[in-house]
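Engineer: With the hints as your guide, set chain G onto chain H.
As they're listed, the protein sequences go chains H and G. Taking my numbering, the leading residue of the first sequence gets 1, the next gets one more, and so forth. Taking my numbering, the leading residue of the second sequence gets 1, the next gets one more, and so forth.
Keep in mind that the hints were calculated from the coordinates and are not lab data. Hints are not guaranteed to be accurate.
[To be verified] Just a sample of chain H residues kept apart from chain G, beta carbon distances all over 12 Å, derived: (1) 2; (2) 5; (3) 12; (4) 13; (5) 23; (6) 40; (7) 52; (8) 57; (9) 61; (10) 64; (11) 65.
[Stated by the list, open to error] 30 Å max Cα-Cα, derived BS3-like pairs, lysine-lysine: (12) 41/H <-> 56/H; (13) 164/G <-> 8/H; (14) 373/G <-> 334/G; (15) 373/G <-> 8/H; (16) 164/G <-> 469/G; (17) 8/H <-> 334/G; (18) 454/G <-> 324/G; (19) 494/G <-> 365/G; (20) 299/G <-> 334/G; (21) 459/G <-> 8/H; (22) 73/G <-> 294/G; (23) 373/G <-> 454/G; (24) 494/G <-> 37/H; (25) 324/G <-> 50/G; (26) 54/G <-> 35/G.
Quick reminder that beta carbons are idealized off the backbone N, C-alpha and C, glycines included.
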Amino acid sequence: MAIYVRLKGELPPIFLPAGPPTPVGEALAIAAQMWRKDPAKARLLFQGRPLEDPSKPLAAYGVGPDDLLELEVVG
Amino acid sequence: MAKKADIREATLRQLYENYGLTTADLEWEPSYVSKDEVSPPERRTRLPVKDWSKFEDPFRLFFEDYVRVQAEKETVFHDAIRLAERFGEARRINPRWIAGMKLYYPAVAQSEAEAHRGHLGLSRHSPSPALAMASFYQLLDELRHAQNDVHAMRYWVRYIDELKNWAQIYQNFWAMQVFRSLFEDMATPSDPFELVFHTNVALEMGYTNLLFVAAPTAGAANGDRVFAQLQMSTQSDETRHIALGQATLRALLEQENREELLPTLQYWFDKWTWRHHRVFGVTGIFLDYFAENKTMSYKEAFRKYFIEGYIQGLLEDFEPLGLKPPRFLDDIVKEAENYQSHQVWKLAFQYNYLNYFETFPPTEKDRAWLREKYPNWDQVVGWYWEQVDQGDPGIVQGLPLICNLCQFPIVYNPEDPDRPTNGSFRLRTTRYNGRTYYFCSDGCQYIFEHEPEKYAHAKTLTELVIEGKVPASVEGLREYMGLEPGWGGNLFEKPVWKEWLASQREG
Numbered sequence: 001m002a003i004y005v006r007l008k009g010e011l012p013p014i015f016l017p018a019g020p021p022t023p024v025g026e027a028l029a030i031a032a033q034m035w036r037k038d039p040a041k042a043r044l045l046f047q048g049r050p051l052e053d054p055s056k057p058l059a060a061y062g063v064g065p066d067d068l069l070e071l072e073v074v075g
Numbered sequence: 001m002a003k004k005a006d007i008r009e010a011t012l013r014q015l016y017e018n019y020g021l022t023t024a025d026l027e028w029e030p031s032y033v034s035k036d037e038v039s040p041p042e043r044r045t046r047l048p049v050k051d052w053s054k055f056e057d058p059f060r061l062f063f064e065d066y067v068r069v070q071a072e073k074e075t076v077f078h079d080a081i082r083l084a085e086r087f088g089e090a091r092r093i094n095p096r097w098i099a100g101m102k103l104y105y106p107a108v109a110q111s112e113a114e115a116h117r118g119h120l121g122l123s124r125h126s127p128s129p130a131l132a133m134a135s136f137y138q139l140l141d142e143l144r145h146a147q148n149d150v151h152a153m154r155y156w157v158r159y160i161d162e163l164k165n166w167a168q169i170y171q172n173f174w175a176m177q178v179f180r181s182l183f184e185d186m187a188t189p190s191d192p193f194e195l196v197f198h199t200n201v202a203l204e205m206g207y208t209n210l211l212f213v214a215a216p217t218a219g220a221a222n223g224d225r226v227f228a229q230l231q232m233s234t235q236s237d238e239t240r241h242i243a244l245g246q247a248t249l250r251a252l253l254e255q256e257n258r259e260e261l262l263p264t265l266q267y268w269f270d271k272w273t274w275r276h277h278r279v280f281g282v283t284g285i286f287l288d289y290f291a292e293n294k295t296m297s298y299k300e301a302f303r304k305y306f307i308e309g310y311i312q313g314l315l316e317d318f319e320p321l322g323l324k325p326p327r328f329l330d331d332i333v334k335e336a337e338n339y340q341s342h343q344v345w346k347l348a349f350q351y352n353y354l355n356y357f358e359t360f361p362p363t364e365k366d367r368a369w370l371r372e373k374y375p376n377w378d379q380v381v382g383w384y385w386e387q388v389d390q391g392d393p394g395i396v397q398g399l400p401l402i403c404n405l406c407q408f409p410i411v412y413n414p415e416d417p418d419r420p421t422n423g424s425f426r427l428r429t430t431r432y433n434g435r436t437y438y439f440c441s442d443g444c445q446y447i448f449e450h451e452p453e454k455y456a457h458a459k460t461l462t463e464l465v466i467e468g469k470v471p472a473s474v475e476g477l478r479e480y481m482g483l484e485p486g487w488g489g490n491l492f493e494k495p496v497w498k499e500w501l502a503s504q505r506e507g
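Just chain H, with the same shape it has in the complex (with noise of 0.2 Å):
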């Protein structure tokens, strides 16, 4: 069981060390730095959905344990 995210773009996807509990931003802050991305200039999609609220959990947006995410650099 375990969320991975891939850069928008980009094979393979990585893992993230966060659970549906995890706040957006903390795990927003987790997948831009596998990439030496600034996490100011990206945003979580969870089924090209955008996580907008970086304080609320994952599984407020239906992010479930062995789900995919997307990094997108924006800006």
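Structural biologist: Quick look at chain G alone, frame taken from chain H:
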């Protein structure tokens, strides 16, 4: 006085009788132990074959002739190593190619050993004495190949420090898990006849020309004559193994109850063609990237040896007997001709801090050649190398998602051959016994879903790290995989490359 023709006929008859007595009909009832102890029922074939007399050893070879021919091959190979040692040939080989050999030898040596183990099973449990004898010769061949690969590493280790840890690397190195998965599968088939599809059909008809003809040709072009000699020696046995595969396939498909056998045979054909494609696509990087002096692209080798030699050749013979093209052929072609070697090379570079062999960005000359051979190369990976040119180190810090079937990181996207990493990517998952399994492709998922009990227990390296069974740090992982400080990295940043360039300018 006997006529010449009569003498010839009598001699031939005597030869056939001797051959029957010593090989093809060499069968006996065990008296010291029961037959079930020699060949337990669960190890024998479950194929409902009606007529075992259809199986034959296509080479009709006496053991003494086999030994004589093999001894001659050994002499040639060992002479090549002695000459290479005497004249210090290793110093004249392109370091790019040497980097590739660090990957090649541990994988191939062990694969030959597993093929030996697999044929021990077929030879012992075959209901046909002729097939058992042919398989017996093959198991000796595989042992010879494995020993020669180890012998070559013994020669190489004076120049290539990394090969001293080859056994640990084979066991634990991340990219080696894809070979381990395939070849341990080879040694433990569900049925003795499944081994024939794995080894003699899919591997030896499908991929050995790529491995033992195309790759050695590139090796020779980059100064590596020992490798060329070794693999040519190996390939000379493969023709016999291929003939055994064809003869066995024909004997199975010519059974009167062929329709009853076909679903199993077709599944094995589909499965092993896919499994080998997934693994041996990795060899594309030897032709497309490691080789500085290039002889043939992976795409060209794939078309010549895989499509024309294997698929078309096999179907021409066996489609009339009911065999259909392998189930995932379209995906195989799409991957091999568009992006397989490029994705593997990019991944190897992205994780060069976890490698024991060196990788490097393709040079301008490489890129021009790659664009000519693969018109979509810029869309597939050219953009990534441009980012590296602009100062992005290009590496990834994190554990990749690995396919639970083939054990290779998920880097292919069959949905989009021009840009395999585009947004159309779809992750394939299967739930089994309360756990989620991830797959790189429809092929791997299909095989898992047919035999989940066989594949569900194998954990990927990433899963082992997540579970705390393997260290989570870079240093800990390197130690676990048998990698010493200084191994791996970018070849072009290492002194050995600069020394090579200087020697080329002087020479």
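Engineer: Which hint numbers doesn't this structure obey?
Structural biologist: 1, 2, 3, 4, 10, 11, 13, 23
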